[in-house]
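Residue numbers (this note's numbering), protein chains in the order written: chain A, 1 to 221; chain B, 1001 to 1812.
Hints in this document: simulated from the structure, not taken from any laboratory.
It is possible that part of the hints are untrue.
Stated by the list, open to error - DEER-style ranges, computed between Cβ atoms: (1) B/Glu1550 <-> A/Gly102: 31 to 37 angstroms; (2) B/Glu1081 <-> A/Arg146: 19 to 25 angstroms; (3) A/His188 <-> B/Gly1564: 42 to 48 angstroms; (4) B/Thr1130 <-> A/Pro78: 35 to 41 angstroms; (5) B/Gln1176 <-> A/Pro78: 35 to 41 angstroms.
Glycine residues also receive a C-beta, built at the ideal position from the N, C-alpha and C atoms.
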Amino acid sequence: MPSGTTRRTERNNERVRPRPALAGTAGWLLLLTLLLAAPAGAAPDGDLLDRVLQALARDAPRQLAFTETRDDPLLDLPETREGHLAFEPPDTLVRSIAGPGGETVTIEGRQLVVERRGSRRTIDLDEQPGLDAFANLFRALLGADRAALEADFELAVSGEPDAWQLELVPRDRALRRMLPSLELSGSHGELHHLITVEAGGHTSRMRFHAASEADAPPGAD
Amino acid sequence: MPRPVRTDTGRPMTPGVRAILGLWLGGLLLAALLLVLRGELITDLRGFTPDLGDTAGIPLDPGAGPAGRMLLLAVEGGSAEQRAVASDALVDALRADPAVARVRNGRPELDDRALEFVLAHRYLLSPRVTPGQFTTEALSAHLGERREDLSSAVPRMPRELIARDPTAESLAVLEQLTAQAGAERGAHGVWVSADGGRALLLVQTIAEGMDLDAQAGLLERLRDQFRALEAEHAVAERSLGLRIGGPAAIAVAARDGIRGEVARFSLLASLALAALLLGVFRSPHPVWLAALPLGSAVLAGAAAVTLVFGHLHGIALAFGVTVLGIALDYPLHLFVHHDRARSGGVRAVARELWPAIALGAASTMLVYALMALTDFSGMAQMGLFVLVGIAVAAATTRWVLPVLIPSHLQHAGMPLARVALPAWVLHPPRVARAGLGGLVLAAVAVIATTSPFPWEDDLAALSPIPEEQVALDRDLREALGLPDVRHALLVTAPTAEQALRASEALAPWLDALRAAGGLGHFDHPARVLPSQAAQHARQAALPEPGVLRERLARAGNGLGFSEGAFEPFVEDVARAREQALLEPEGLPDGLLRGALEPLLVPPEAGPSWMAWIRLGGVRDPQALGALPDPDALVGARLPAEASLRHVDFRQASEDLVTGFRDQALERLGIGLVAILVLLLLVTRAPRRSLRILAAVVSGLLLTVATLILLGVSLSLFHLIALLLVTGLCLDYAVFFSRPLADAAARRRNFVSVFVCALSTLVVFGLLGLSSLPVLQAMGLTVVPGVVFSLLAAALLAPARGAAAAGMRHPEP
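Isolated chain A, as found in the complex (with noise of 0.2 angstroms):
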């Protein structure tokens, strides 16, 4: 996969200026080093997360449909959306939630693009502190590394092989006092819920199902 700095060059000039943390987006970019991370095809030994993460690495799919239940303090009734998650080798990832309050979010390389009613925002992944440590996240994942998964995250696996869970805490102070936590469970391979609470009680739970060729997302050749 290219680098981040060979892609910067060719990305537009239009910017977004620096602003604090976009927690929302650490949840699902999460998801994009599960997505990309090789198949490891080491032998299933070691400890449950170790399993885990080689059993993802080999079986994710590379299309997800899910729905999106947003529970929000601030909100009379929780909000629920259907959408799709798409992977395109070699790094590029778009999320996209139809209907008339949807958006496409595509991530190619070090750049996000987020397309909401017509309008464009590109934003420099570089600029937002909040998600280094997932940038960090996603190259130990790419290497195989769980050590430096570890430096960046207070990690807990609890279930089994075909019902896990995994908690992910950061351990940068600023960030984890917007994202306390994240929690993805599935079984082998396969995921099934990611939960996120962020700081103020916004919390999304995404529950994912297999895609059906027929409803590929639009971004999504």
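Go by the hints and put chain B onto chain A.
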């Protein structure tokens, strides 16, 4: 100084001798004590500038002001990641340094405390707070955006803040505080150069840019930190390098370069001079004895300046010591004339030479007395320094040296090495004198026809900064989008509030100038901390809680927000309406204070606050120079007590140089006339007086014409060298014009002047070989100066018969 008791026995330690030595040593001790206890050497340009009256306290060199306190750091080599890691590590290390006010490398420098402060005061600090921001329509637009933020994977603002700050004022404030026009972040989130090959940092120092000792200390620590961190992170492969730009870094590098070179060449020149004296006198004693008048002169001059001015300026000291080189001639005259056993011993020689030495010294002192009386404090210091120094050197030669010469030499004399002199030197043919006249006329023609006169007013042209360092500074400055070092606007006002109001009032005019293309960008203190008037207006723009709730309810209709979701917002607004206004003194350390401090300077000595308006990308300096009347410019809003001016730092330093030069030339001109009067009064011999003056003027004219013909642009340093030449030439001419009938005495007299000239030539000839432009300028001026002075003085000396006939009066 009392006249010594006349004892021709030459036995040391008679009461008279004791008194002389006591006085001398006591005086030196007093001077040394004064310097140790009260001495203060100032090295920045502040103490050197003329007293500007109402604008006193405004630093005029480019290293002053906010731009001077910026160090620009570049980390090179290694990989982009290694550079970013090094950049972060440097930031951590420098944040702990008490000499650093602020350090940035492109990452947001938000700690919780700074964020909390900004949040708590956002309605006072945000420029968007106007009544229009809180209408139902505006709130409706804001709430719509916030509703999207709640469901977006990439919200425009942290969801955490939405309930408190739906209009996103905290983001507006942060954006304004952290904006750094032009700086580009690279692949690892830190500032990088355009090609990505350097990681960039910006350090703001506590010390003024021209406080070179403090800056040098910080630079040293900075490099140490970098080396330590290099070792810590075990940078493999290619090692990283740290390069530092900024006015202070340049000035420190220049100073170190000058110091090293000056020390080297001073040592070299001293050794050469010692060798010359040893060769001429074939005795070690003249070597150390010759240093005494000069040493005493420097000590006394420094003490006198400290006593009068309270401090001594480094530049005045350096210039003064150069000009005091004349003090070396006095002992040499004494030694040359004491070349054989004489009835009166060395003291008789000293007595015999005194009229000539005193006359030369007094004439030279006249010029410096005139300089000492200027209001240009740097020049006044130099004048006083040289004035006192020459007096002390002459007196030391007259009374102290004779008793310090070892007793076996007191009467025996110091036989000279034979200096072979051709007869025509002693008896120059008339045609030579005519030739000199022709040369001087040609010199006058050269000087008069050279237009414009080749003055060099840019001191930087003589500074020993490598081109590479200048280029580095320019590159870093450009990459970081830093404001211009040359131009700034300065507002002074009795209170901080007035200064802030004035800078607020200027913003629209500057915006217009920017729109017209005359200006790239600008930065002013009220952008960081608004005036209390502006803060008050913002408070008044905030709606009452009841009104706000009602508008929110209507604005949020249909968006799905729960009842009371924005109650934290309503509470914050209500609190902001009653909040105590911010003032400069009350800001906490950190982001806000760091951003404000370089722009808003509290009064130190003077009565005024200074608000700096930094300008970047100035394309139309004329528009700034033609700053219209401040009141007309901004209406009645600028407080009456405030003043506004455009500061062109380079122009200011050039004006300083021009001012010094004009004053020096004027004083030299008046001084020459005064010298003529003095000579006339003392010698009562108009012809001799005119000869002396003609020799001095001829020497100077020929020297200047030579420099012009060599294509040299004349700087301050050439001028200082010319002042030395004036003193030397006066000395030579006075000695040559001594009415001596005795051929042996005339010969001795000539040798004496010749040895003096030779010693000066050796010293300054060596300086002329230096690669340092300052030393080169001195050497290049003094060498032809000495040659022409000697020539003019020798040719204008009265012929033997004329001298005897012209002696109507015994020597004074």
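Tested hints:
1. B/Glu1550 <-> A/Gly102: 31 to 37 angstroms: At 32 angstroms between Cβs, range holds.
2. B/Glu1081 <-> A/Arg146: 19 to 25 angstroms: Between B/Glu1081 and A/Arg146, where Cβ atoms are some 20 angstroms apart, the hint holds.
3. A/His188 <-> B/Gly1564: 42 to 48 angstroms: Check passed, 46 angstroms falls within 42 to 48 angstroms.
4. B/Thr1130 <-> A/Pro78: 35 to 41 angstroms: 37 angstroms, holds
5. B/Gln1176 <-> A/Pro78: 35 to 41 angstroms: About 37 angstroms separates the Cβ atoms of B/Gln1176 and A/Pro78, which means 35 to 41 angstroms holds.
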